[in-house]
Structures are given as C-alpha cells and as structure tokens.
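Enquirer: Keeping the supplied structure of chain A fixed, place chains B and C upon it in accordance with the hints.
Protein chains in written order, with the working numbering: chain A, 1 to 453; chain B, 1001 to 1504; chain C, 2001 to 2126.
Quick caveat, the hints were computed from the structure, so don't treat them as lab data. Beta carbons: idealized from backbone N, C-alpha and C, even for Gly. Hints are not guaranteed to be accurate.
[To be verified] Subject to a maximum C-alpha distance of 25 Å in a straight line, what follows is the list of computed BS3-like cross-link-like pairs (lysine-lysine):
#1 A:Lys152 with A:Lys168
#2 A:Lys58 with A:Lys403
#3 B:Lys1156 with A:Lys152
#4 A:Lys152 with B:Lys1309
#5 B:Lys1405 with C:Lys2122
#6 A:Lys168 with B:Lys1332
#7 A:Lys58 with B:Lys1156
#8 C:Lys2045 with B:Lys1405
#9 B:Lys1404 with C:Lys2063
#10 C:Lys2017 with C:Lys2113
#11 C:Lys2063 with C:Lys2113
#12 C:Lys2113 with C:Lys2049
#13 B:Lys1186 with C:Lys2049
[Stated by the list, open to error] Listing some non-contacts, in silico: residues in chain A with all C-beta distances to chain B over 12 Å:
#14 Leu376
#15 Arg420
#16 Glu445
The residues making up each chain are set out below.
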Amino acid sequence: MYAPHTPRDIAQMLAAVGVGSLEELLRVPDGLALKESLDVVPALPEYLIGRRFDHFAKKNAGSGYRSFLGAGAYRHYVPPAIPALAMRGEFLTAYTPYQAEVSQGYLQAIYEWQTYICLLTRMDISNASVYDGATALAEGAIMAFNATGRRKILVSRAVHPNYRAVLKTYCDGLDVEIDEIGYTAGGVTDLAELEEAVARKEYAAVALQSPNFFGNVDVLSSAASDAVRDSETIAIAVVAEALALTALATPASWGAAIVVGEAQSFGVAVAYGGPYAGFIASTQEHLRRIPGRLVGKSVDGAGRTAYVLTLQAREQHIRRERATSNICTNQAHCALIATIYLALMGKTGLRDAAALNLERSRELATAVSSVDGVALKFPAPFFNEFAVDVGANAADVLMQLEKRGILGGVDLGRFYPELRTCVLMTATELTTTGDIDALASALNEVVHVRAGV
Amino acid sequence: MSAPAFDRTASPPIFELGQEGRANRYLEPGKPLDRFLPASLLRDDLPLPDNSELDVVRHYTKLSQRTFGIDLGFYPLGSCTMKYNPRVNDAMAAKPEFAELHPYTPDGLAQGALQVMYELERSLSSLFGMAAFSLNPAAGAHAELAALLIAKRYFKDRGETGRDKVIVPDTAHGTNPASAAMCGFKVISLPSDERGRVSVAELAKVLGPDTAVCMMTNPNTLGLFEDHIQEITAAVHAAGGLMYYDGANANALMGNARPGDMGFDLMHLNTHKTFTIPHGGGGAGHGPVGVAAHLVEYLPTPVVVATPKANGESAASPSDRMSFRLDFDRPKSIGPMRSFWSNFAHAVRALAYVYANGADGLKRVSQLAVLNANYLRVRIAEFLETPYPEICRHEFVVSAQSLKKATGVRALDLAKALLDRGFMAPTMYFPLIVPECLMIEPTETESKETLDSFVEALRAIVATAKSNPQELFDAPVNTVVGRVDETRAARQPDLRWTPAPEKG
Amino acid sequence: MAQPENLLYSKEHEWVKIDGDTATIGITEHAQNSLGDIVYVELPKVGAKIDQFGTAGVIESVKAVSDLFTPISGEVLEINGALADDPAAVNKEPYDGGWLFKLRVSNPAETAKLLGAADYEKFAAE
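Just chain A, with the same shape it has in the complex:
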C-alpha cells in the first residue's frame, strides 16, 4: 500500500475531520456501493512479486534468441551510464516542470534534447517530444493541415505500415482523407507518381520515410522537391531509425519542412514496444503550429540564465478546444535517455555506430543472398535493414528459423500481400558474425528442406 498511517494517525485524523470512519468518508449514493467482490490479482509480499515476474520473464523466450528484428524498433548498445543517470530519483519522480525554479535541471535537459533534434535534422525548432514515431507523423500531418488549410494528405506506401495505420486513425477523427503513393521495383517511393499527385495542389503534405520501411534510402529528387514546393505542399520526412540521421543527408537537404520520427534507437529499450520517444522538428515558420511542450531559455529577475516552459498558449490547458493538439504528458523521460545517449556517444561514437550498422548489415546481406534461392528484393542502397526474398512463404520460413532459435526478421507479407515471400532483416552493431553465420546456415537448411519436399 505504501501508506505510512498508524492506527493512531488514522484515529487522530478522522477526529480532526469530524468523521467516524474511513467508510463514512467515502460514502457513495445508494446503488453505487460495490455489489460484487473484485477480481484482481492477489496481494503478494515484495519478494513474491519478484518471483511472479520471474515466472512471466521465463515465458518470454524470444528475448534470448538470435534476432534480426527491426522494422521500427532497434536493439543498439546502451552504455550503463545511461540508466545510472536517468534513473536518479530527481528525474524519475518529477512531474512536468511547471514550477521552473525547482525544475531547472530537467528543463535544461529538454532544451538540450530540442537542440540535439534540431542539429540532427537540420531543422530550426523541435518540441519536447511526442508519444512515438507514429503519433509524431499524425501530429506533423495536423501541422500541415493547419498551415495549408488543405484537408488531404499523401503518404508513401514505403512509410512504416503501423505509422500509416495510426495516421489513418487520427485522420478518421479529423475527417481528412489519405492517398497513398506506391513504391518502385527499386524499393523506393515512386517519385513520378508523387510529382503527378502533388501537381493537383490538393494535398497539405506528402510524407516520405528514409530509410523507408524496407530499409532503403528514400528521399525526394531535386525535381520532385521542386514539384512539392511549387504545389505548396509540405514535405514531411519520417524517421523510424534515428541512428541513420547521423549518417545520411539531412531531411532539410532534400526539402523537408517538417521532420517527424522515433528516437528509440538512442538508448531506449525495445521493451516490447514502449515507451519510446517521438520527436517533431520543423522550420521556423511552423513555430506556432508545433504541438505539445516547448522549453525556452530566458532569465530570472537577477539576470541569471533560466529555462521555462514557453509558448504555452498553444497548448490544451489554455487553448482547450482550439489547442494545436490535445497532448499533455509526453515522453520526457525517454527524451532524457536519448539526450544522455547522444551526449555519451558523441559525434565520434555515433559515426562509429552508423558505420558498424552499415557494415554488419552488408555482411548479413552477403551471407543470406549467398544461400541458394534467396536474394535481396530491392537494389536500392539501404542503412541497416533490407528486404530479402526467401523464395517461399515468408511466415513458414520464419517459423522454421524460430525452431532453430533464430528470429529471422519481419514477415513483409503481413503488411504487403505482394511481398509474402519477403522478410525484412536487420543488423545493428550488436549483431555478431556468429549470428550472421547461424542465420545463413539455418536459412540454407530451411530453404533446402523445403525444396526437397
């Protein structure tokens, strides 16, 4: 219960209030008293809570398998200094920093996060975080609707299918239409189709992900960028693997005005899907439309540097139904983790990580494509994941690999019926040569056995 009350405390406090019992204090109208006993898990002493969760933990065998899973959630090295700092009680048990005078440290950390996101994306401004990559896309789309007054959005089919699904959930609420652009045989967004579509001048924004869901670098050509600009459409860059920002040409360089994404790769555990840290960055002109919290630098009465939540009149607690978004609680602690990660890794460490992701994923690509009947699906340059055609039903192949202690990747047929023989495979700096050899040899067996049947 974690309540410190002694029977004597309770008696004294009830007397002070002038009430005879706790039950009297919580009296509810007739008919609202509980009629049934509650079906809640039983109370356990703390050491048995540990055993119960050990029991659950043992049933997550997948956490120990050799894994080539990515697709929006990436295993990267996490220096132990991160939890040592982030789990300090002052950070962990603070509320949103409404009282600036006693929240300077957290406010400064968020200001640093906003700066890191700006430096990585080459955008002018960034907010204090949103829930995750998918909701960042939805919020970025809302910014574009408000900026342009248009009520349609264009999205590449090579954007993460979950992000597109969440965008649809939000757009259903807003009564906004979504149109999709296909991808080419090369594994990137069909820019000819894109140019034709934006020329109709009816879309608030066009959203492209790079690296895209297939792992491929996927950006606007200069012709497509011109077409987007000439049609007064806003280019939204979607980032699911934030580590790629440290290596690839910035979204600003190919014309994005809003960058939305997921910063889980920066030190945040994959944790079966959350919590992660979404980010939104944009050019200066969208300052008044960016959703959620913003930390600004100012001074106190004595002229000392002081940080504070600012431009709050955009937010729900003041503007209510006219707010830029309903977001209140965001992902501050995950953003703090990401900030510490970026500080520890530094430019050099991030470049090393990016290079190792590029190198290991190429080793992996070479190893699996040397298996008879297995080939890379797309020729486009990729970052740390890629689509592999295994020449048979991908779900069946993955199940066979699972029996050999390997999570071989994500079945692309789950999202793209036309890719049901394809697997999305990911390698990061944590992927070992042993992992790669094990996958290649298991794949060889699985494909060979199937061929022999």
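Expert: Below, chains B and C without anything else, positioned relative to chain A:
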C-alpha cells in the same frame, strides 16, 4: 528543496563542454561511411560534441540536483496524484526478458509479456466495472482521444452522424475539449452549480439528438463527488449519448466505487498517476482506455486475446491456464493509436503495484488518500478560504481571493513561497472557476507528520502575507533561480542552443 | 484613462477608426491592461472578408489566449506586420503603433452598434 550552496550557477549546455576527439570507446572504430554508401547520400558534417563519460555523468548529475521530484519532498500537485513510486516496479520492468523483448517477437515466444498485459487488463476491468480495457494509448489525453474516436465510430455505425456535440463541465481538464476537437466534435461547456457539481437542470437544457458524449470526472477537479451521477448518466443515455469517465482522479474511488456501476460507457486511467508509474518529468505515461460491453469491438488494436491452454488445468493461477495472442483482426476497431502495442514497461510497473496491494489494498489506498486530503483541508481552512467546505475526496481547492484583496498576495506568490520551504507547489489557477485557486492533492503515501509540516509552512506564509507581503512577491529565493521572465521567453523564443559566432 | 474621442468602440474592447471607407482596428487600453504581457498576435489574412463581431484572430498573453473580433464588417486590406517581431507594441501603444489590421468597410451603417468614447469608458469601468 535545499539546493547545495556550492552549485547555484547554471551548467553550460552540453554542447559547450565537449572537445572533438574526446570520445568514449563504447564501440570499435567504424570505417568511413563512404565505403558503404555513395557520398551523395551522406550528410557532410555532424555538428555534435564529443564528451568524456565523466563530463557527461557530472553534467546530468548536476542537472538532477537542480530538479525536484517526489523523492525529495512533498508534491501536492492537484489532479496529478504524485504518490511514492515504489522501486520494485522499476526493478520488474528492467528485467532483460522484458526490456530486450522486441515488439515483433512471435506471440508464442512472448507469452510472459502478453500475460502481464492480460492480468493488468482483467484487473483494471474488474476494479472499474468495465467490460474490457485496451492498454494501447500512451497517456491520458491519448486515451481520451481513443475513447472519443470509439464514440464517433459507434455513432457512425448506428447512422447517428448528427451527434456532433461533446458536453464538458467547466471544471474539466483542458485535454477534454482539446481531444473532442481532434475528433471533429463541437464542445459545449456546462456551468457548475453553487455546490461545485454538474447541474442536472443545466445538463437537461443542452441534451438532445445532437449529443454525442458527456465527459466527466468523478470526483471532479474540485475534489467533490458528483452525487447526482446516476441521474446524469440516465439523462445522457435517455438522450442517446454516451458517458465518458476521465480517470485522472481515480485514486479517490479505486476499490470503493466503480465508474461502470455509475453508468459510464467509456473511461481512461492514468496509470502513471493512480498506479504509481513514475511520471519521469512529463512522461512517458500510460493510458488504458476502458469500455462497456457494447463498445468492446471498437477498442484500438491490437487486443490481447486469451484462450484456455491444452492441459493447463493444473496451473495455480487462472491466467497460467491460458495462452495469449495479439489480435489485430478486428474490423470495427478504430485502429491503432501508436507505433506498437503499449507502453509495455509501464504495464509491468502497474501490474507490480496491483500485486503489491490486491483488491483490499487498493481500496485502502483510496480511503487513505481521501483521509489525507480531508485532514489537510480542515487544517488549512484554519487560515485560508476553502470555497467548498464539505467532505472532499482525494483533493480540494483553496482560494487566495480574500487574501489577495487584503494583502495583494496571490495564489502564485503562495506557491513560490512554498518552493522556498522545500515543498512542491500545488496546482495553480485550476480549475478555472475558482479565483486565485490552489488545488491540493496530498495522496495516501504521505505521513501525518509531512502533512502537518506543510500546514505549518503554509500558515507561516499566510502570516507573512499579512506582515510583509513583499517577501512573498520576491519568492522564491532559496532556489537555484528566481522567478523566470516568461514574457521574454514567449516574445523572443530561444528554443535551442546555437553556437556562438566565431570570433574573427 | 480617458479614451480617444475620435474612435468608436465595441463591447469586446476593440477600437475602430473610420477614415473614408477604411477602418483601422486595435484593442483598447483597458483590454491590453487586463490581458497582461502580450506575446503573440494572430491576425486575419489580407483579402479575408469578416462580418461585424466575427472572429478576426487571436491574442496570446503568457498564460491566456483571447479571441479577437472585428467591430465592423469588411475586407482585410492590411495587417500590422511589425507585431510579429514586436507584439509588445500592443501593450505599449494600443491606439498607435499597436494597431492590428485595416478593413475596407462594407457597411458603414454598422457603426450605429458601436460605442462612443464616453459610453465605452462607462462600460469598461463596470
């Protein structure tokens, strides 16, 4: 909070500490990037600092020391339920079998994670009288949005597209109208009566064939139980509308009364409030959304589905007799609200808290939360105005209006003076209907001694307001900075560090 | 303080100066004082047509946000672009450098629904 006297100066931003080449060796050196990708696809520079690990550790340790959390002192922030965050919760969430479990792990290899979600979902459904919960939304406001999307879809299915009004009491949290607007609903604000409750008569005036949802929190943000709640839900249902329960204040009734029994069709919980998930300085939160039976099929995807296991009968716990899977194939669902299934690490924490209490313990939690609030209320009423002098629930409001008239001292000044005395300030200027409002929620985890020390601090501050108000206008002075120039921050937004121009 | 005599006023605390078929619009001293430090002004688009007492924009102070209404109908001719960099002008000189926008008046008869300086002063004092 007593800030260390030796460190009152601000740390420079991390970007001013580093030196290029001062790198930590977490990984082996990488090869040049253009070995792997054409140079045209690469960025030309990466303007980030290299910092030694010690510099980073000192920097963020210093920042932590300039931050006030529950671990440092009393945090009576109304409507935020800042109770103690038990460390066992974090220890459970940190187990590598949870932390390193990838969301695309096949269901069969993630049974433990699914069981955690299932047990939490079942426990919450029983505790709050709902048919089912989804653990998909990431925070309270996100869950509100999910609930209103459910309502919108439900009415669309029934062909009742004319229902476009959402009724929100004037004491509601700001997220309520903002969420309604994101679903295209028009917001009707409902004035409270002189007792601080929703007026059944006023409600009747706005109900009609265009009513979609009435959003309420009970107890409301004044800390008062809406004692006409059954009449209200009956009236809304008679008009064909749905009732939504904002669970931000669930700590006041958990285990004692259930929104489902009151007639609510939809609700959310802020498990980062009620179920002791640390708030982390503004998230991540965790916002389960619950529904009555007629709305289950609209819940966001995925949903954890349990089926009896073959030969599972002998297991001791009912959930150990089941096997689990994530169900994405739900044609009437509003769809997913987020990238992956849930803020899962938080589901682990919340379930650990439920295990620490059980049903009886959770009932005791809300009783003691209400006891603490009432004790504080009667003690503070000795020297400050309490506009609603009756039994409250988990929180109550104080008004500094008459104090302001007499001395010029506002609620803001009282709040800042509390910071000087080592307490977090209460929620200020909310709800909007109470002038010079302080909204105080002590929670059950605070001792009588802590509450008494808060009372005496506030009593001394009010005495100072009468004897030397200037001292309060100048507060806080014991903090690392004084009052921040918010006008400057908003007029000349400085939202990121930029390098100083090179000196020629 | 005394209100400028050459202006007309709305009960939403806007002033309007009519000059031929052009109307210049701002908020009153009373309005700027009760809003506090103004940090941002959202103005209508040039060319927009707005009806009398309709919403023309939004005024933000540090912790409040208020609708801006037009006291008279018309088509927006010009907005005070200087306020983007210096919203404080609305606080400092609400009747002068802090003007908000200009309209081409579409129905001069609407001035009948506005207040003179003395009546506005009385209204604002209540």
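Enquirer: Hint by hint, note whether the structure agrees.
Expert: Hint-by-hint comparison with the structure:
A distance of roughly 11 Å separates the Cα atoms of A:Lys152 and A:Lys168; the hinted pair therefore holds under the 25 Å criterion. For the given pair, A:Lys58 sits about 17 Å from A:Lys403 by alpha-carbon distance, which is consistent with the 25 Å threshold. Using a Cα cut-off of 25 Å, the hinted pair B:Lys1156 and A:Lys152 holds, with the two alpha carbons roughly 21 Å apart. With a CA separation close to 47 Å, the supplied pair A:Lys152 and B:Lys1309 exceeds the 25 Å bound.
Restraint check for B:Lys1405 and C:Lys2122: the C-alpha separation of about 23 Å stays at or below 25 Å, so the hint holds. Of the supplied pair hints, the one linking A:Lys168 and B:Lys1332 holds, its CA atoms being roughly 14 Å apart against a limit of 25 Å. Between A:Lys58 and B:Lys1156 the alpha-carbon distance is near 44 Å, which puts this suggested pair outside the 25 Å criterion. Our distance criterion of 25 Å between C-alpha atoms is broken by C:Lys2045 and B:Lys1405, whose separation comes to about 43 Å.
Our distance criterion of 25 Å between C-alpha atoms is met by B:Lys1404 and C:Lys2063, whose separation comes to about 19 Å. Distance hint between C:Lys2017 and C:Lys2113 is fulfilled; the C-alpha atoms sit about 14 Å from each other, no more than 25 Å. Straight-line distance between C-alpha atoms of C:Lys2063 and C:Lys2113 comes to about 32 Å, which puts the hinted pair past the 25 Å bound. Note on C:Lys2113 and C:Lys2049: the hinted pairing holds, with a Cα-Cα distance of about 19 Å set against a maximum of 25 Å.
For a cut-off of 25 Å, the pair hint linking B:Lys1186 to C:Lys2049 stands: about 24 Å separates their Cα positions. Every C-beta of chain B lies more than 12 Å from that of A:Leu376, the closest at about 15 Å, which supports listing it as non-interface. At roughly 16 Å, the least C-beta separation between A:Arg420 and chain B is larger than 12 Å, which holds for a residue marked as non-interface. Residue-level check passed: A:Glu445 sits 19 Å from the nearest beta carbon of chain B, beyond 12 Å.
Checked against the numbered hints given earlier, this structure breaks hints 4, 7, 8, 11; the rest are met.
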